[in-house]
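Assemble the dimeric complex from its two separately framed chains, guided by the hints.
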Amino acid sequence: MAFQILLNVFLAFIWMFLKTSYTPATFFIGYFFGLLIIFTFRRFFSTNFYLNKVLAVIKLFLIFNKELFLSNIAVLKVILRPKLNIKPGIFALPTELTEDWEITILANLITLTPGTLVVDVSPDNKILYVHAMNIDDTQEAIDSIKNSFEKAIMEVSR
Amino acid sequence: MIVIFKFLIGLFVLSGALLSLVTAFGLLRLPDVYTRNHAASKSATMGVMLVLLGALLYAYLDTGHFHSRLLLGIAFIFMTSPVSGHLISRAAYNSGVKLWGNSVRDDLAKQRKKTANTR
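Quick note, the sequences are listed as chains X and E, same order.
First residue of the first sequence: 1, per this note's numbering; consecutive thereafter.
First residue of the second sequence: 1001, per this note's numbering; consecutive thereafter.
Extracted from the complex, chain E is given alone in its bound form (with noise of 0.2 angstroms):
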């Protein structure tokens, strides 16, 4: 039994360390603000949440405390995390911040031009 949540820790702690690294590749690598926006809103928020994860199972293993505080941890991010993410991409889009040059369609762009000729 403890072999098991001792694999499991380490399961948990490793891929949300893998998941931020790959959050940290897709900043770097793709081509907008907002498909970086995908990336930083998705990834980081389950690689924080396995991190928090595994601390917590790790510490109730070792010490026998359990740390709620780190499970409303979990639950703050969870519940944040896309809200930012919607946020500043929202921010970013209300600002004018051009979309990636491959982009194929735009329809929040169309309705803004239709409700400024009506108006």
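The following block holds chain X by itself, in its conformation from the complex (with noise of 0.2 angstroms):
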């Protein structure tokens, strides 16, 4: 991806010397010609067309975005509700990410999720567990969010 990224500005750099125009105009219409360059030439690198990550990328701030609000108001129950039946429980969630910085962005996610908290990593990375404000009524939905975090994490690191 990086390298994708650095062929790119390169080839706008080229487009301003074959323009002899040195302003940011003229380096941002050859960034669009070397992106279309490049999405042409996409069979010959290893790795995927990079735009398709930098949507991913996008899409995992957004969904960051929008846990954290809905956390929020479900906190924000919870704390305001007259009587507190809550049942708190830890339970362990088994994770497929590998790498060290997905599981970081994993358990970021998965604390500002509504009603969940990363209390610690297994030794070998493979489970998480996870502090939960109400166990019985999210184990299931939660469940749910996390694949779609994977999910969402995985085609950023694919």
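Please keep in mind that the hints were generated in silico from the structure rather than gathered at the bench.
Wrong hints could be hidden among the right ones.
Unchecked claim - In silico DSBU-like cross-links for lysine-lysine, where the CA-CA straight-line distance does not exceed 35 angstroms: (1) X:K87 x X:K19; (2) X:K77 x X:K146; (3) X:K83 x E:K1098; (4) X:K59 x E:K1006; (5) E:K1006 x X:K66.
In this text, all values refer to a predicted model and were calculated from it rather than measured experimentally.
Structure follows, in structure tokens:
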């Protein structure tokens, strides 16, 4: 991915030198044409076309924001309810992610999800231990959310 | 347009302050370290972020200055706050702080016991 971006910047500079005009506008035009060239020659790269990955990162960021908003509303409801009928607990969540940074992002996402908080990561990076605010009614929903998070992170790292 | 922005600024700052207040309520009401950590690591994060966002918009509208430091502050809080919540609850668990009495499951304790037996 980094190589393709570097190549694109390089192509933009070549465009600037061909035009002998050194303004940001020319750079962006050259960058756009370089993007088209890289898209045309995408099958010669070992990795995927990098714009896909950029889109995946943006999607992940939007998921982050949405979850933060929803979790705040959920916590607000629990705190301001007059009777405290929560059932907290710690459950184990097996994960398929392997890289350290992927697990960090997943743990951050889980912490910002409604009603869950990561307490510990097992030493072999296979299981996350998650403290849930309300364990029975959220377990299923949380598992499905986790699957969507894991998928979104895998789309970035693929 | 300016009226809309003023409305947005008020909304951001007020809801941020409200969330911080709710965090304080949560710290008082909730029963144990872990549930309190839920309130502290979520509502406080978003509360501070919203207040900073309101300040950013206000400064831009009022003086025309775009304070990129506020933007950086939002990004840093967004990245570091969940991690600090995780570290606090982990440290609490490792130093043996008990869960609340009404807690239903504890898979981590089971796992710890298992590894202690096999060792």
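Hints, verified against the model:
| no. | hint | verdict |
| --- | --- | --- |
| 1 | X:K87 x X:K19 | 67 angstroms, violated |
| 2 | X:K77 x X:K146 | 22 angstroms, holds |
| 3 | X:K83 x E:K1098 | 22 angstroms, holds |
| 4 | X:K59 x E:K1006 | 29 angstroms, holds |
| 5 | E:K1006 x X:K66 | 24 angstroms, holds |
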